[in-house]
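Student: Next come the chains, spelled out residue by residue.
Number of protein chains: 2
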Amino acid sequence: MAEDKLPTRTEDFAEWYNQLVLKADLADYAPVRGCMVVKPYGWALWENITSWLDREFKATGHVNAAFPTLIPMSFFEKEKEHVEGFAPELAVVTHGGGEELEEPLAVRPTSETIIGHMYAKWVKSWRDLPILIVQWGSVLRWELRTKLFLRTTEFYWHEGHTAHAGADEAREEMYRILDIYERFCYEEAAIPVIKGTKSETERFAGAQVTTSIEAMMWDKRALQSGTSHYFGQNFAKAFEIQYLDSSNKLQFCETTSWAISSRIIGAMIMVHSDDQGLVLPPRLAPVQVVIVPIFKKDDEKVKVMEVADRVFKELKATGIRIKMDDRENVSSGFKFNDWEMRGIPVRVEIGPKDVEKGSVALARRDRPGKEGKTFVPQAGLDSAVSGLLTEIQASLLKRATEYRDANIHDPKDYEELKKVVQDGWAFSYWCESRECETKVKEEAKATTRNIPFNQPDTEGTCIVCGKPSKRKVYFARAY
Amino acid sequence: MAEDKLPTRTEDFAEWYNQLVLKADLADYAPVRGCMVVKPYGWALWENITSWLDREFKATGHVNAAFPTLIPMSFFEKEKEHVEGFAPELAVVTHGGGEELEEPLAVRPTSETIIGHMYAKWVKSWRDLPILIVQWGSVLRWELRTKLFLRTTEFYWHEGHTAHAGADEAREEMYRILDIYERFCYEEAAIPVIKGTKSETERFAGAQVTTSIEAMMWDKRALQSGTSHYFGQNFAKAFEIQYLDSSNKLQFCETTSWAISSRIIGAMIMVHSDDQGLVLPPRLAPVQVVIVPIFKKDDEKVKVMEVADRVFKELKATGIRIKMDDRENVSSGFKFNDWEMRGIPVRVEIGPKDVEKGSVALARRDRPGKEGKTFVPQAGLDSAVSGLLTEIQASLLKRATEYRDANIHDPKDYEELKKVVQDGWAFSYWCESRECETKVKEEAKATTRNIPFNQPDTEGTCIVCGKPSKRKVYFARAY
Numbered sequence: 000m001a002e003d004k005l006p007t008r009t010e011d012f013a014e015w016y017n018q019l020v021l022k023a024d025l026a027d028y029a030p031v032r033g034c035m036v037v038k039p040y041g042w043a044l045w046e047n048i049t050s051w052l053d054r055e056f057k058a059t060g061h062v063n064a065a066f067p068t069l070i071p072m073s074f075f076e077k078e079k080e081h082v083e084g085f086a087p088e089l090a091v092v093t094h095g096g097g098e099e100l101e102e103p104l105a106v107r108p109t110s111e112t113i114i115g116h117m118y119a120k121w122v123k124s125w126r127d128l129p130i131l132i133v134q135w136g137s138v139l140r141w142e143l144r145t146k147l148f149l150r151t152t153e154f155y156w157h158e159g160h161t162a163h164a165g166a167d168e169a170r171e172e173m174y175r176i177l178d179i180y181e182r183f184c185y186e187e188a189a190i191p192v193i194k195g196t197k198s199e200t201e202r203f204a205g206a207q208v209t210t211s212i213e214a215m216m217w218d219k220r221a222l223q224s225g226t227s228h229y230f231g232q233n234f235a236k237a238f239e240i241q242y243l244d245s246s247n248k249l250q251f252c253e254t255t256s257w258a259i260s261s262r263i264i265g266a267m268i269m270v271h272s273d274d275q276g277l278v279l280p281p282r283l284a285p286v287q288v289v290i291v292p293i294f295k296k297d298d299e300k301v302k303v304m305e306v307a308d309r310v311f312k313e314l315k316a317t318g319i320r321i322k323m324d325d326r327e328n329v330s331s332g333f334k335f336n337d338w339e340m341r342g343i344p345v346r347v348e349i350g351p352k353d354v355e356k357g358s359v360a361l362a363r364r365d366r367p368g369k370e371g372k373t374f375v376p377q378a379g380l381d382s383a384v385s386g387l388l389t390e391i392q393a394s395l396l397k398r399a400t401e402y403r404d405a406n407i408h409d410p411k412d413y414e415e416l417k418k419v420v421q422d423g424w425a426f427s428y429w430c431e432s433r434e435c436e437t438k439v440k441e442e443a444k445a446t447t448r449n450i451p452f453n454q455p456d457t458e459g460t461c462i463v464c465g466k467p468s469k470r471k472v473y474f475a476r477a478y
Numbered sequence: 000m001a002e003d004k005l006p007t008r009t010e011d012f013a014e015w016y017n018q019l020v021l022k023a024d025l026a027d028y029a030p031v032r033g034c035m036v037v038k039p040y041g042w043a044l045w046e047n048i049t050s051w052l053d054r055e056f057k058a059t060g061h062v063n064a065a066f067p068t069l070i071p072m073s074f075f076e077k078e079k080e081h082v083e084g085f086a087p088e089l090a091v092v093t094h095g096g097g098e099e100l101e102e103p104l105a106v107r108p109t110s111e112t113i114i115g116h117m118y119a120k121w122v123k124s125w126r127d128l129p130i131l132i133v134q135w136g137s138v139l140r141w142e143l144r145t146k147l148f149l150r151t152t153e154f155y156w157h158e159g160h161t162a163h164a165g166a167d168e169a170r171e172e173m174y175r176i177l178d179i180y181e182r183f184c185y186e187e188a189a190i191p192v193i194k195g196t197k198s199e200t201e202r203f204a205g206a207q208v209t210t211s212i213e214a215m216m217w218d219k220r221a222l223q224s225g226t227s228h229y230f231g232q233n234f235a236k237a238f239e240i241q242y243l244d245s246s247n248k249l250q251f252c253e254t255t256s257w258a259i260s261s262r263i264i265g266a267m268i269m270v271h272s273d274d275q276g277l278v279l280p281p282r283l284a285p286v287q288v289v290i291v292p293i294f295k296k297d298d299e300k301v302k303v304m305e306v307a308d309r310v311f312k313e314l315k316a317t318g319i320r321i322k323m324d325d326r327e328n329v330s331s332g333f334k335f336n337d338w339e340m341r342g343i344p345v346r347v348e349i350g351p352k353d354v355e356k357g358s359v360a361l362a363r364r365d366r367p368g369k370e371g372k373t374f375v376p377q378a379g380l381d382s383a384v385s386g387l388l389t390e391i392q393a394s395l396l397k398r399a400t401e402y403r404d405a406n407i408h409d410p411k412d413y414e415e416l417k418k419v420v421q422d423g424w425a426f427s428y429w430c431e432s433r434e435c436e437t438k439v440k441e442e443a444k445a446t447t448r449n450i451p452f453n454q455p456d457t458e459g460t461c462i463v464c465g466k467p468s469k470r471k472v473y474f475a476r477a478y
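Sequence order for the protein chains is A and B.
Under numbering that gives the first Met the number 0, the very last position in the first sequence is 478; numbers go up by exactly one each time.
Under numbering that gives the first Met the number 0, the very last position in the second sequence is 478; numbers go up by exactly one each time.
Bound-form chain A, shown alone:
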């Protein structure tokens, strides 16, 4: 498949994306409406994402556990906003073991309800708190318009659910997690994200505060890339999660929940990739380096493969994730295209001339063509390649940051706002009323992304209605 060209991003961004996901071998359409199969290459990428996050969660005192996939329908009724938010999206099991069930069960769309039920059972005293549990798995939401990784009926994620003895501690937890998410995006995914608070209408169903990280895609639309919610006592009251405090008084817990899902893979594609295919940040790439030995005659093969095998072993020994492409049924050109489509950060080319000269060619994926190609000595190749991987990682983040900053506008009035959000973001004062938010949504198809924690010192006036406003918000069209 990899020999086929993608449409360019400029020609048809949506189609470029869909074809790239398939041709880079990340995922495939499943024979179930709106679902995907995450193929081994895509899953290896997801494993690199999850193992970083899992390590960070554990380092901050969190533990993993597993709650049932099926949730009694009545559980959703217990929190009014939650049921309104999720009831329309549920997949419902009505039959089990050949018989109709007395109470239908929902395939979990998220697990606040069933985890809340268990926490109520487990928590007795302040000594049992905090509970800091993460569940890794998948959830189902009956989406009407689906797109691989970005919006699928079933998707993969972790969901953190914590219960605390006090409001401050719960809010701190929400922010602590958002910081981990931010660090993941900057350090690992090379995606510059903006942390902030969601508006009331954009909040998670049942939350008192929803915070998010927002990223700008290549088409300048926004993608909510992770969320962290503070519920106050909403779920604790709905599920009776109570504890005896140190003076033996019964209190309700304060809870949080938070998630990053497999849509972060979609974000990585839409931020970094190009018309040749996938571009992956080296820290997350399942394969960081591919070696392509180049030869025609048999005597060339012997010499080239000797060097290629040695280089392979040397680089592998330094912990680099590396692959040897010694296929003989396809041309070198085919291999180059193939690995470019799959986004391998560095390609090492070794031909008969390189053997003679004691050198190899290094081609960096983030700068295709001659510009990104250098010839380096075989001696000391391990540090040259490690250095290049670090440079690529930094370069991807820099490029994405510059791109984002160049496309965030400060429109002078509402008319200009409506224009700029067609091809960028607006960062504007907003009175935080639902009316003004709805107006922008209806007239410009842009939503409030978040109210960033970092705000200018000054105050201003709402870009929509002109009323005095304390904080600026990002408006953007979003996925």
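These are computed hints drawn from the structure, not numbers from a lab.
None of these values were measured; they are calculated from a predicted model.
Each hint should be verified, as a subset may be incorrect.
The list makes no distinction among identical chains, and a pair is therefore deemed to hold if it is satisfied within one copy or across any two copies.
[As the list claims (entries may be wrong)] The calculated DMTMM-like cross-link candidates involving lysine to aspartate or glutamate, where the alpha carbons are at most 25 Å apart (straight line), are:
hint	residue 1	residue 2
1	146	46
2	123	102
3	57	46
4	236	327
5	57	325
Fit chain B to the known structure of chain A by using the hints.
Tutor: Relative to the frame of chain A, chain B by itself:
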């Protein structure tokens, strides 16, 4: 909870098991019929199991991927034996997004069908083979009689699904995996298992050959602890998984599937644990060592904690999974019982006298009481503890092996067979007819476990009907 006593194994083995799972904090009953919540301690144990297996699968060329949780009902119809085996156990989604579905979807009970469907799409040529994919996750089977870890409606597992160009290669894969399972049980779980072939009636629905590893529990019942199946071309024909061979001829693939599930945790409990609670093999224990500092007065506390903190750091630095129990609201006796219930392999006790003498007390969980307690110098404690962990691991396997071997009988006739399987296993010649198998099942409640690969050189006569028989089989009552 840990201060409560368990019933003894002799008094009530089933109740001992149920209470142990709850009190050792491994799992809890879920508010969904037959489902469990795997609590953080149980999940940490499962993570140690899965990470060993995952490493071995990857080392033998397997990759992970994810297929949908929901499977169209029509897929099950495609393989006749498969639908007969699984249709009665399905949980069925009939509604999604508020509407009745045109075709109901089953929550996966196992994924041969949907994975077969995808393989048919992916495989074109012999160059695409073999496909060696593993999926980690959970599946649902509507079980009527459930028991935590051993038999729950939803359970956790990996399922490997491979497709090959030839029958020999597929059979080799089946055996390669069974060897990995065997090695896992011996080296990690300290459970001596017997590898062999299942009888026709005990085969997986749709398989041509099912191989298993079988373990003996403390109550001498057998537990099938892992299975590896060879399907021949059954699923390839049902789902049209075909490839062009090197002479451009269309051929059907040969496929396998295999699994170990979270019931292996049940096996570890029923093989190793005792009337005080859980006993875990050190290699899989989430916490291998717990330090209990013992003091009464404040000046004692300072001195004891100084040593305890130093010992903690030293042991942790060597990679030992360690926990400090410095709770001040409970007694040392409570702590001892608590950690014994949770099966921590080694307890390090440090009191004021130990501080004076420069020693600590080591208590090994597999030998409770004075017998398992030694006093060792603080100097060189890291190697003493590492050595003890290794010794405990070996000792658990030895004890379980001796116990198993002492309880496998060679009955002289059918009457004796019926007796011995009430409190042990029988290893007897069997003619491999369904009639004799059914007779034993009906009259002695024992099933054939497997026909082991290692057979005596001689032949014999069927223990049931007296006909000449080539191979011996294990008969046992089983979970």
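Student: Measure nothing new, just compare the shortest in-copy and cross-copy C-alpha distances for residue 146 and residue 46 to 25 Å and report within, between, both or neither.
Tutor: For residue 146 and residue 46, the Cα distance is within 25 Å only inside one copy (21 Å; across copies 32 Å).
Student: For residue 57 and residue 325, with the copy left unspecified, which applies at a CA distance of at most 25 Å: within, between, both, or neither?
Tutor: Between copies, since 21 Å is at most 25 Å while 40 Å is not.
Student: Should residue 57 paired with residue 46 be assigned to within, between, both, or neither, using CA atoms and 25 Å as the limit?
Tutor: both (16 Å within a copy, 13 Å between copies)
Student: I want to check one pair: residue 236 and residue 327. Are their C-alpha atoms no more than 25 Å apart within a copy, between two copies, both, or neither?
Tutor: neither (66 Å within a copy, 31 Å between copies)
Student: My question is about residue 123 and residue 102: at a cut-off of 25 Å on alpha-carbon distance, are they close within one copy, between copies, both, or neither?
Tutor: Neither: 29 Å inside a chain and 45 Å across chains, both beyond 25 Å.
Comparing the model with each earlier hint shows violations of hints 2 and 4; every other hint is respected.
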